[in-house]
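A.B. asks: As you go down the protein sequences, you meet chains A, B and C in turn.
For the first sequence, this note's numbering assigns the number 256 to the last residue and increments by one with no breaks.
For the second sequence, this note's numbering assigns the number 290 to the last residue and increments by one with no breaks.
For the third sequence, this note's numbering assigns the number 385 to the last residue and increments by one with no breaks.
For the record, the hints were derived by calculation from the structure and aren't laboratory data.
Some clues are possibly wrong.
As the list claims (entries may be wrong) - Simulated restraints on C-beta separations:
no., chain 1, residue 1, chain 2, residue 2, range
1, B, Asn120, C, Leu102, 57 to 63 Å
2, C, Asn272, A, Thr58, 18 to 24 Å
3, C, Leu102, B, Thr6, 40 to 46 Å
4, B, Asn181, A, Asp65, 52 to 58 Å
5, B, Ile143, C, Ser153, 54 to 60 Å
6, B, Thr161, C, Ala289, 29 to 35 Å
7, C, Leu307, B, Ile151, 36 to 42 Å
8, B, Val122, C, Asn272, 55 to 61 Å
9, A, Phe15, C, Lys219, 55 to 61 Å
10, A, Arg127, C, Ser153, 30 to 36 Å
11, C, Lys164, B, Thr6, 36 to 42 Å
12, A, Asp3, C, Asn272, 53 to 59 Å
13, A, Phe15, C, Leu292, 43 to 49 Å
14, B, Thr6, C, Phe244, 38 to 44 Å
Note that CB positions come from ideal geometry on N, CA and C, so glycine has one too.
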Amino acid sequence: MADYLMETKDLGISFGGLKAVQALNLSIKKNQLYGLVGPNGAGKTTVFNMLTGVYKPTFGNFYLDGENLTGKNQETINRKGIARTFQNIRLFNNMTVIRNVMVGLSSRPEYKCSILTSVLRLPHHFRIEREMREKAKELLRIFDLEDDRNNLSCNLPYGKQRKLEIARAMATNPKLLLLDEPAAGMNPNETTELMNTIRLIRDKFDMTILLIEHDMKFVSGLCDELTVLNFGTVLAQGETRQVLNDPNVIKAYIGE
Amino acid sequence: MDIITTLINGLSMGGVYAMIALGYTMVYGIAKMLNFAHGDIIMVGGYTILVFMNFSGMPLLAIAMAVICCVILGIVIEKVAYKPLRGASPLAVLITTIGVSYFLQSLAQIIFGSAPKMVNIVDLGLLQIGSLKIQMYTVLTLICTIIVMTILTLFVKYTQTGRAMIAVSEDRNAAQLMGINVNKIITITFAIGSALAALAGLFYLLKSPSISNTFGSSPGIKAFTAAVIGGIGSIPGAMLGGILLGLVENIVAKIPVLSPYVDAIEFSILIIILLVKPSGFLGKKRREKV
Amino acid sequence: MVINNQRSRLSRIKWNHFANYIVIALSTTLFSILSFSGNLKISTIYLLEKISISILLALSLSLVVGFLGELSLGHAGFMCVGAYLGGKTAALLEPILGNGILTFIIAIAVGGAVAAVCGFVIGLPALRLKGDYLAIVTLAFGEIVKSIFQNTSADTFGGALGLKTPRYNREYLFIYAFIIVIVALAVIQNLMRSKHGRAITAIRDNEIAACATGINVTKYKLIVFLVSSLFAGIAGVLYSYSNFQVQSAKFGYNYSIEILVMVVLGGMGNINGSIIAATLITFLNLKLATVLTGDLAVLQNLLYSLLLILIVIYNNAPALSRVRGKYNLKSLIAKVKKPKVDPAIQNDDKAYWANIPTKIEMDEIISVDATPQDPYKADPPKKEK
Chain A
1 MADYLMETKD LGISFGGLKA VQALNLSIKK NQLYGLVGPN GAGKTTVFNM
51 LTGVYKPTFG NFYLDGENLT GKNQETINRK GIARTFQNIR LFNNMTVIRN
101 VMVGLSSRPE YKCSILTSVL RLPHHFRIER EMREKAKELL RIFDLEDDRN
151 NLSCNLPYGK QRKLEIARAM ATNPKLLLLD EPAAGMNPNE TTELMNTIRL
201 IRDKFDMTIL LIEHDMKFVS GLCDELTVLN FGTVLAQGET RQVLNDPNVI
251 KAYIGE
Chain B
1 MDIITTLING LSMGGVYAMI ALGYTMVYGI AKMLNFAHGD IIMVGGYTIL
51 VFMNFSGMPL LAIAMAVICC VILGIVIEKV AYKPLRGASP LAVLITTIGV
101 SYFLQSLAQI IFGSAPKMVN IVDLGLLQIG SLKIQMYTVL TLICTIIVMT
151 ILTLFVKYTQ TGRAMIAVSE DRNAAQLMGI NVNKIITITF AIGSALAALA
201 GLFYLLKSPS ISNTFGSSPG IKAFTAAVIG GIGSIPGAML GGILLGLVEN
251 IVAKIPVLSP YVDAIEFSIL IIILLVKPSG FLGKKRREKV
Chain C
1 MVINNQRSRL SRIKWNHFAN YIVIALSTTL FSILSFSGNL KISTIYLLEK
51 ISISILLALS LSLVVGFLGE LSLGHAGFMC VGAYLGGKTA ALLEPILGNG
101 ILTFIIAIAV GGAVAAVCGF VIGLPALRLK GDYLAIVTLA FGEIVKSIFQ
151 NTSADTFGGA LGLKTPRYNR EYLFIYAFII VIVALAVIQN LMRSKHGRAI
201 TAIRDNEIAA CATGINVTKY KLIVFLVSSL FAGIAGVLYS YSNFQVQSAK
251 FGYNYSIEIL VMVVLGGMGN INGSIIAATL ITFLNLKLAT VLTGDLAVLQ
301 NLLYSLLLIL IVIYNNAPAL SRVRGKYNLK SLIAKVKKPK VDPAIQNDDK
351 AYWANIPTKI EMDEIISVDA TPQDPYKADP PKKEK
């Protein structure tokens, strides 16, 4: 168990009678780039929603660093070290870029500051604020967003919004980063840039990343291992090249 | 015997609430907004009846004019105040409906003054069956409500417009792609809701023939409660909620200890239902996709 | 160069932070000097008391509506609780402690605390309910409170006749009231300009993302409701002192709407705007009340309702987003003040449309936040490669 950062054991969920995901066993090693692929409606985002506490799994368990996080709420799971981005970007639109990241930072234990301290404007409050601002700038620099930091996040171009969402997720200091279709809606240049950013995150932060993606070029260029879902069940699992040549996968994707 | 009278009164009151609640619920289902000004349409209907009764003395003409005026008003409000905000945040829409409600009330007070006015439409007398005495208007209200509900249910189920309404309430974008004119459907919804509100105003006046500018607030808020209890967005839910609320109101009013707290009890029921079952009895559960 | 810019901007922000305190403190000092030298008419003092109460109410409501993004239609209900409980406390303590500052402070504490408890209780459904539904619960709460106090017996809370509360020395009351306003301003402003404030606005902007970012949504929602109702309760106690009596009929739905109008007119989430709007509306209310008598008095309501509708439409209508960008107060005074985030601009200008390629359906992006209660939808179709 200790070999894997993230493990799911027979994870499944049903809505009413519909089994959206069944018997999912993922084993993600530390520092791995792991891909979750599959046709539409295969249950990929549902897996993400279970792993982040949006849905409570009906069957099975999942473990982060050996700790069972099944059924915990979103906030707890995030604090334990799973952060995510969304398929349809969810930024805090009326806030500046830097504040978006600072919101992500605020749940970290090192930036703890009670409400009373803030209201009374004790020195600790100012120190925390300054530190958070510096840390946020540092993160934005990595994502090449520093120059935009005082813009409203809703005014950023699409590619930068995606990057900002990743930056915000990274701000919560996760052990595992979940990216839900990060390349959706990007042009080829942006996609290449994003691939570099994701590799950079992995190397610089020693991050483990689980991502959902449709773009097979993206997946094959980036992921070490893959799990292919189809109708909520695992179709194939293993090393990327091996999985992509699996006849079942080809059948599900391209047809007979 | 007293119990039967209370129950019949309750049913009839409930029918009126149901009629108003239908306006709330249809607008919510189709335009996805809470129309706080709906109660004030009842007030406008009441005043129209007053004006035309003084003018002509013919109850049927007055009622017809009330329905027509309310329908036009409902459509105008929708076009002027709500349509520009389609796609804006729900909070903005909600505040605008409150503004419209406030506007109608103030306007009515300027035109008609704040003192309540009496409207005598027609004296229907008492209905006596054995030892059972029931006010005739109660029976009339009950019958009319049943007719209106039936027509509305049939309309929604079996006409093209009605089915289009269901489609729009299910998924506005998909309905639009299927060639349904969403704007037209929303306008029709407002028109139907306003017509029902005018009728509700009539039945309210039959029960207590005095009208002021806040005439619509109390039935408005209560019918709104009814709509939520039944499950806002659901047509049978509005009927159920209205009748439940009417019964509760009339039964509680008969219990001396509780009678001063009728309003408080009704609103407490509302809060409890929202907490236990936020979507009401027959409402659909909505959840945001992540 | 960049650092220089940053520093000068920072220094301007700091100045901005204190401008509103200074304005309120200076005008309070000015009026108290006038009051002590006997140059202030009773009607002006009354006006000042009313203004302070309105500012307190608008500030506290703007916390819920402007910053947390939840609509409360029962704000007058919290005020009602504060007015009755605080007024009753003052009436009970008057024979024991006399009618001095001690009684006043205890009354304020009791009224505020009980209202805050109510706020906490109302905040609990806020965790489960959102938007329209929560608005209904708060509305119902306001009506329940009104109805309960209306039906109390004459010797407890006075029932329909109202509760008589002690008179207070007119020359002092408005000064205390403004001191409370400054305290409230400090609390709310400091709260909003901290990481906690950012968390609260994050919940407003996107609750799902806020949850996923590790924000304790439960805690923050409860705190907002608690603080907001605390100050509304205190405003209620001030009201009871200012009017010598409390009548529950005053605290109905209409009063809640009047407070809401102040918050909306001031610009949602704009603290100084709320203060200015509260001052103006209260001033106009009292001035117009002397001019417009009888049924004409409603003209002001007509005016408010029209203003409310027009402002909301202007600020929110998707079709007017371009006009808004060109003609707004912010761009006019941008040279004088640091350009601020305008929370009224919601849901428009989401990214540059032209830059968004076609892989994701437009509708999906548009619908993300415009209709948070959208039904559960299946994944939109996508091109496969």
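A.B. asks: Where does the structure disagree with the numbered hints, that is, which hint numbers, in rising order?
C.D. replies: Hints 2, 3, 5, 6, 9, 10, 13 not satisfied by this model.
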